[in-house]
Amino acid sequence: MKFIRENVIGLRLLILLILAGYITVFAQEESSINENREMPSMHMPRYDKAIKYKASIGLSMVQPPKDMVETAIQAPLFNYHMIYNLPWKFSVEGDFSSLIVSNQISLGPRINFSKDKLGLKLGWDLAFVAGRLKQFGFNNTTKAWLQYPNISGSYQCKKMIYSLKAEAVLVASVNTKTGENELTLVRNFYNGYTGAFYIEQRLHKNKVLIIGFKDCYVKYYWPVWLTFSTFNRFYHVPEISLSWII
Amino acid sequence: MMKQIKMKNLIPYIIAFFILAVSCNRDYDVPIPSIGENSILKGTNPLNNASKPLMEGIYATSATSGRFGDTIVVKWNRTSLSFACYNGIYFVMNAGYLDSKISLEGYWRDAYSDGTGLCTMTIAEAEGGNEIVNEISPQKIIIRGEFGNGEGLPDQSLTLTYLRSFSDKVKNTKFNILAHRGGGRTSDKLPVSENSIEMLNFTEKLGSTGIEVDVRITRDKVAFIYHDSDINIRLTKKGPLSGEIKAYSWQELSSYVRLIHGEKIPTLEAALTFVVDSTNLNAVYLDMKEDKEAMAVVIPIQQKMLQRARDKGRNVSIVVGIPSTNVLNDLMNYPDYQTIPSLCELTVDDVRTVNSIVWAPRWTMGTQNELVKQMHAEGRLAICWTIDNPAWIKDYLSNGQFDGLLTNFPSVVAYYHYIQK
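Protein sequences appear in the order of chains A and B. Here the working numbering is used: the first residue of the first sequence is 1, the next is one more, and so on. Here the working numbering is used: the first residue of the second sequence is 1001, the next is one more, and so on.
Next up, chain B with everything else stripped away, as it sits in the complex (with noise of 0.2 Å):
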């Protein structure tokens, strides 16, 4: 016999409910903090390019909070000024001046964790901005100014003091930071999606100088840039498509997906064609996640994409991964292979027998200086992947010999890259 419910009898559940609900992980984004009708920017004129220059290098920090380390990176990007720290905090900040002083302003944010906020700054026209309004090496550069935190008005102080520029050695050597997944993952709550045009626009602000993107082919045999086996709510909103991407045509993906910040996911071509005619990123490595005829649609695309920037004359580099045996014989099964730009993850021999231009082991495996040399030897480039401990970084760049480094944090690599004396 049924017993009548009681709301009292209901209780429990409704405990339970509670736990499960607030359990459910939610959705959330960190939102870039915008100082809106205060920005210092107003009535500022845009910095000359040669200007730009004359700012970079490295600075000794004076905070109220030691959050920033003791040295900072700066250096600019095609768009923006980025601040690179030791410990994955980066600031991205826009730059103008009126008369002879120059005015920052933009946010932090720390790549590893959830923290961000506000920053305005100013050189003031005797510690520097004379000289660098006026495209002049300034005896000294003196950057004053507050932070904040969240969408809190800058109160905390900041003072960063030039020291040097940077060493020789960086400046001689042509060295590779690799954003994976277009620049970005989702995952660590960046504004735009990873593996979307606006990623591929954004990364540079983070200090990359090439991405990763990840080759998937759609069942016409389109080739579009995505991670996942699968169509989910962690890269996707949610819509009326599921289970395999490679399932659907492209024109069920392009009008029926949108990534996770709403973007539509692009097709290799139109992502290429963005990374040559629209940035400044000289290098490309395309993650082949699809290992059965999928190079007869991509290296079409590749060998399309290198003519056009040699065209335009932008140096870019544009490989097809390597990252499987499987992916290999289909490789080995286009015609002229060993002509291909390629970059394999497997062994030395796999590399020589495709002839590829890079060899990139997975970073676990040591810094391998001896067979990094011999790459070198045969004019081949030695990448390693996916790196994103910063204390894994620093000793990479130290004792090793790569060319550059593929990981999620390009910031850190940014910072003890340009650090090297």
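With the rest of the complex left out, here is chain A (with noise of 0.2 Å):
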């Protein structure tokens, strides 16, 4: 019990590999029936007229640093990801995640370029951040602007799409309150890049599950908002992601 306790994470992610394992031996068999339809992708560039929108929804497990809550709490992070393809080989990306207490919705352009079985893209996001906490009796609010840059490649293998993606973290302003005091109010800083491995499989029809492997080097990680006042410095935080195109 001692070694499962002190294992969670691990064996959790011993789990999420093997379903990923389970998926790309097996899952491939009952697709085959659609592998002449091209595979739906939220980050291998597509064109597909017929398509101008589509989304995913999906499930993110962070561990935000021991230093900063002081205990091993780990959160689901709810996320809604949309595109839309715009003429040219410009598309409007979205992004909503949410841990009820912290909230992130951001909006940017993308570039797209494709040839053959591979995928680039270039984009710009602007995100607003907006948290409320009541703790020890106060309303603890938190608002926010980020900016990503971002760029992302793709490849695809047979029925899987295998893509990196990178991004600097801008932070244009963050404000926390705490009752009616001003915890925190600081602008325009770096803070930080994050890396991140998406496999997208397709499932059945157009059902495609992406499994997502992210590290945050940031020194604000907008879902703990509210440690933020103190710490003046980078920590990695790992996010593994679940979603279904929708």
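Hints are computed from structural coordinates only; laboratory data are not their basis. Some hints could be false.
Chain A side only, calculated, beta carbon under 7 Å to chain B, not exhaustive [as the list claims (entries may be wrong)]: (1) 53; (2) 66; (3) 67; (4) 178; (5) 233.
Dumping the calculated DSS-like pairs for lysine-lysine here, alpha-carbon to alpha-carbon at most 25 Å [stated by the list, open to error]: (6) 117/A with 89/A; (7) 66/A with 1238/B; (8) 1421/B with 1394/B; (9) 117/A with 177/A; (10) 207/A with 159/A; (11) 219/A with 1421/B; (12) 89/A with 134/A; (13) 1312/B with 1289/B; (14) 1394/B with 66/A; (15) 1289/B with 134/A; (16) 89/A with 143/A; (17) 1189/B with 66/A; (18) 143/A with 205/A; (19) 1394/B with 177/A; (20) 1237/B with 66/A; (21) 159/A with 117/A; (22) 52/A with 158/A; (23) 1140/B with 1101/B; (24) 177/A with 89/A; (25) 89/A with 66/A; (26) 1246/B with 66/A; (27) 165/A with 207/A; (28) 1373/B with 1394/B; (29) 158/A with 134/A; (30) 117/A with 158/A; (31) 1140/B with 1189/B; (32) 1264/B with 66/A.
Just so it is clear, CB atoms sit at the ideal spot from N, CA and C, and this is done for glycine as well.
Combine both chains into one complex, guided by the hints.
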């Protein structure tokens, strides 16, 4: 029991990877009936004129740095991601992520390139973070503006699409209040970067599962905004996500 | 049918594992940089106690970069000379003299981040060294030297010029700079663990005049100091014990658990004995983390240590904390509870009910000057917790009337306290 308690994160990761492996090995046979249809993807640029809009929903497991939260908590992060294709090689991508007490909405343009099995996206997102948490009888609130210049590359391999995405995280402003007291007001700083790897796998018809592994190397990690006031150092924050294209 | 696994099929998983491996936070330290064999203190003599206060005061800074601000507070503590800056940077310096030249050597550290570096400085004979060594109030003091980054040798110029001594307000007020977690948090990458004897020994270098310690009780009713409710790798090295810490006996904790820098968890009695016997700390706030019959264990230790301090001629205030109504009720079950020195975080009515000598509201309640005045009129002190933001520390010292602040960054409180006019 002690081993399980202490290795709960590793065990969950193992289960996810076994699931991913299972999907990789067996699901392709089932999906072979669709092999002539182009596989939907949230990461590989697509120009199917019939599909202007596509979206995915998912859950991420995030593990905030223990220095900040002082306990080994993990939290599920709900995520909704949408793409709207525009003429030429442009598209708009939007994203909404929520931890109930922390929420981020982002929107930004993309320019897309693709050739054969390769795809490339360049983009710039503007994000707004809002949060509210009652603690010790006080209403703590936050508002923040962030920018995410990003680049991603994708490769299609049979029924799978693999994508690598990197983004810089630039903070325009962070304002946190505890009651009427302004706890934090900081502007314009480089907040770090993220690196992510996504595996997209068609399971059935147009139902595509996306497994994501993301490392956020940041000072201000918006899901735990309340802890930001005095930690002026970078932390790695892992995120593991499971999403469905809907 | 299982397909044969090919190397190229494993590549995505290798990438995924790589990203996860990178993203797992590795524990790291911010070691104190050492100048080693090149020490400029070799062959010097320690300064006399009468010389030390002559160096204290407010100094103007002139650095090649403006990272230390315009002014620095210079103050001796029990073991070393500390410089405090407005932004959380502090210096810990050792001193010695040879002939009439004073040499200073140590390191600087940014309390809010991981920045650190070496520093070497001197006070020349004609720039105050002669008077200080001979215990005469100097006409001027200029401290010249260099600072560096990381383990690199000092290579950037830094000059401190004496501006003034501490104001009468500062000299005549007993203000408590209370350091959280026994003197400093483990998460702030200090060289010793929070709530350890080693931290009690270290915290005065940060400017602390008192401490808060977190008090818990073992299964066999031994009081010890430790913050979290469980044994975890945030605070302790990996070991055979896990789960709720209060489920273990003292023998088990003492034998198997080591704090993150290798120290033993101290009993409350050992910690207080060290404070009384071996430090200049004058206030201890016992933050009670247990609320069931814990007072019956802790109060006899408090009384014993207060007597020990009196016997040694030390004016140390040791108060049991009341952070919740459960702890309040636990105290009220103790005989003659109104005679027990306590610190109450609840309402002023609760303070009066148990006759606490200190009222300690959370800082976000505001300065509450009217209530603080009421407490002062009743002969009580008022201290607020836990205030860490430099702007708010400055504001509370300028506009508040508290008798002390509890903080994770005592060097910042020290700067804004000692610089007051």
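Given the hinted pair residue 1289/B and residue 134/A, is their alpha-carbon gap at most 25 Å? Given pair residue 1289/B, residue 134/A holds - Cα atoms ~22 Å apart, limit 25 Å.
Can you confirm whether the C-alpha distance between residue 1246/B and residue 66/A stays at or below 25 Å? holds (21 Å)
Given the hinted pair residue 158/A and residue 134/A, is their Cα-Cα distance within 25 Å? Not OK: residue 158/A and residue 134/A at ~49 Å, beyond 25 Å, violated.
For the pair supplied as a hint, residue 89/A and residue 143/A, is the alpha-carbon distance within the 25 Å limit? violated (33 Å)
Pairwise hint evaluation, residue 158/A against residue 52/A, where the allowed Cα distance is 25 Å at most: holds (24 Å)
Hey, residue 1189/B versus residue 66/A, does the alpha-carbon distance stay inside 25 Å? Judged against 25 Å, a Cα distance of about 13 Å means the pair holds.
Given the hinted pair residue 89/A and residue 134/A, is their alpha-carbon gap at most 25 Å? Distance ~45 Å between residue 89/A and residue 134/A Cα, so the pair is violated.
Can the restraint linking residue 177/A and residue 89/A be considered satisfied, given a maximum Cα separation of 25 Å? violated (42 Å)
Interface hint status, residue 53/A versus chain B (Cβ within 7 Å): violated (28 Å)
Given the hinted pair residue 1312/B and residue 1289/B, is their alpha-carbon gap at most 25 Å? violated (29 Å)
Mind checking the alpha carbons of residue 117/A and residue 158/A for me, to see if they're no more than 25 Å apart? Satisfied, since the Cα-Cα distance of roughly 9 Å is no more than 25 Å.
Below or equal to 25 Å on CA atoms is what counts here, so check residue 207/A against residue 159/A. At roughly 12 Å apart (the allowed maximum being 25 Å), residue 159/A and residue 207/A satisfy the hint.
Violated hints, in rising order: 1, 9, 11, 12, 13, 14, 16, 18, 24, 25, 29 and 31; the structure is consistent with all others.
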